[in-house]
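Colleague: In order, the protein sequence lines correspond to chains A and B. For the first sequence, the numbering used here gives the first residue as 1, with consecutive numbering after it. For the second sequence, the numbering used here gives the first residue as 1, with consecutive numbering after it.
One or more hints might be untrue.
Unchecked claim - Straight-line Cα separation of at most 20 Å, DMTMM-like style, residue types lysine to aspartate or glutamate; simulated pairs: (1) B/K186 with A/D70; (2) A/K182 with B/D68; (3) A/K186 with B/D70; (4) A/K71 with B/D174; (5) B/K182 with A/D68; (6) B/K218 with B/D26; (7) A/K185 with B/D68; (8) B/K182 with A/D134; (9) B/K28 with B/D57; (10) A/K182 with B/E171; (11) A/K71 with B/D147; (12) B/K71 with A/E27; (13) B/K217 with B/D113; (14) A/K217 with A/E206; (15) A/K185 with A/E157; (16) A/K214 with A/D70; (17) B/K214 with B/D147; (18) B/K71 with A/D174; (19) B/K185 with A/D70; (20) A/K19 with A/D178.
What the hints assert, rightly or not - Facing chain A, according to a computed beta carbon distance under 8 Å, are these residues of chain B, among others: (21) E20; (22) L24; (23) P39; (24) N122; (25) P153; (26) Q209.
These aren't lab readings, by the way, just hints derived from the structure by calculation. Note that this is a predicted model, so its numbers are computed, not measured. Cβ coordinates follow ideal geometry from the N, Cα and C atoms, glycine included.
2 protein chains.
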Amino acid sequence: MEIFTIKEDILSRNNERAKEVRALLDEKGVFYVNLMSSPGAGKTTVLSKLIPRLSDDFRIGVIEADLDSDKDALTVERETGAKVIQIHTAGACHITCQMSLEALEALGTDGLDLIFLENVGNLVCPAEFDTGSDMNLVLLSVPEGDDKPLKYPLMFEVADAVAVTKLDVAEIFDFSFDNAVKNIKKRNENAEIFFTCAVNGKGIDELEQYIRNKAVKKIRKD
Amino acid sequence: MEIFTIKEDILSRNNERAKEVRALLDEKGVFYVNLMSSPGAGKTTVLSKLIPRLSDDFRIGVIEADLDSDKDALTVERETGAKVIQIHTAGACHITCQMSLEALEALGTDGLDLIFLENVGNLVCPAEFDTGSDMNLVLLSVPEGDDKPLKYPLMFEVADAVAVTKLDVAEIFDFSFDNAVKNIKKRNENAEIFFTCAVNGKGIDELEQYIRNKAVKKIRKD
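Pulled out of the complex, with its shape left as it was, chain A reads as follows (with noise of 0.2 Å):
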C-alpha cells in the first residue's frame, strides 16, 4: 500500500515535469523521440540506420541510456557522426522525466532539430515515466514473439508507433505478421506498425518518413 502511494506522488510530479519539458523542447523547435523496447530488440541498429537517412535534414542529437557502458553512445557516434551523449542511471530501470531533462540539458538543444533518447532496454517500467518526447516509438523483435503485447500491456498503449524488427528471421522464430497487429491493436488501435529489418533495409524508409513528416510537422509550427 505504501509503495502504490509513494509511486503515484512519484508519477504525478513526472507528468508535471513532462509538461516543463515539453515546453522547452516547444521553444526551442526540437522535435523529441523515446525509443522503448526489451534488451536487444534492436533500438541502437534502428537508430544507426535511421539517422543517417534524416540527417540531410535534420540537425540530430541522441541520448543513449544504460545502466552500465558505453558501447552503444560509441556504436551511434561512429555510424552516424550524430552528437551522442551516454547517460548512466545509476541502477534505474527507466528514464524518469526529471532524468530526460538533465540529459537534454547535458547534450544541448541548441542547434539541433532532433533528439533521440534510447531508453533503458526494458518493455516494463519505461512506459511508466513521461520523458516529455514527442514520440514514444516502441520496438519489439521478432525473436521475442508476437505475444508480448499481452504480456506488457502500458508498453504498447502508451507507444505511438510499434516497429516489428529482425524481420529476417521470422520463419525460424515461428513469428506471426497476423498475430503480432492483432495483439499491438488489442492494446492500441491507434499504434502506427511498421514491419523492419535492419539487415536487408525492410521498413526503414517508411519508419524514416514517418518520423520526418512528425518532425517537420512540428517544427515547421513553431
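Following the hints, complete the assembly by docking chain B onto the known chain A.
Modeller: Chain B in isolation, oriented as in the chain A frame:
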C-alpha cells in the same frame, strides 16, 4: 533522494522476508528456482524442456508471473503436466518476496519438491528483489546479443547460473560465445554457464543435471 531512501527501505524489508521464505521452504524440503530474463528469451520454453526430464524424480510446481495474460501458464501446464499457477503483478515489473510468498501459498508447497518461479520478463528490476529462492537462473538469448552483461550488471551478479538460449541462431546474430563468457564472468566469476538450444536439445541435459544435483543436495540434507 527521496526515491532512493524509500527503495532502500523496501529492499531491507524484502531481504528480511526472504529469510522467512527460506526457512519455510527448508522446513518443507522444497527447492525453489527463480528464473529470470528479458522478455522472450525463452523462460517458458526452457521450463517446458526441463520439467519432463525432472518430473520422474521430483514433484514439480510452477509459478508464472506476468503483468497480464495466462498464455505461459497454459503452455507449461499443457506441455509438462506440472502443477501451475498464474499470478498477475498489477503492473509491477518484478516479484517482491512478499509476492513470492503469497504465490507459494497459492500454489501450495505441500507435496512438492521443486518449484520454479518464472519471473516477469525484465533484465533490470527482478534482480533487485530476493524472492527467497535457492537458485537464481538467468537466461541470455542469442538474439539479444553477447554484450548484455555489460549493460545489465546486477542481473548477472545475482545469477547462480546463466543459460545462453537459442544457440541455433548464433551465426545469424553474430553472437560470440567467447564474448558472452567473458562478459558474464566480468560480472560474476562464479556463475555456472550453460549453452542451450530448445530446438535441438543441446545443453538441456547439462542444465537439468545442474538443477537436479542442487535440488537433491538440499532436499536430502533437510
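Colleague: Quick check: which numbered hints come out false for this structure?
Modeller: 8, 10, 12, 16, 17, 20, 21, 22 and 26
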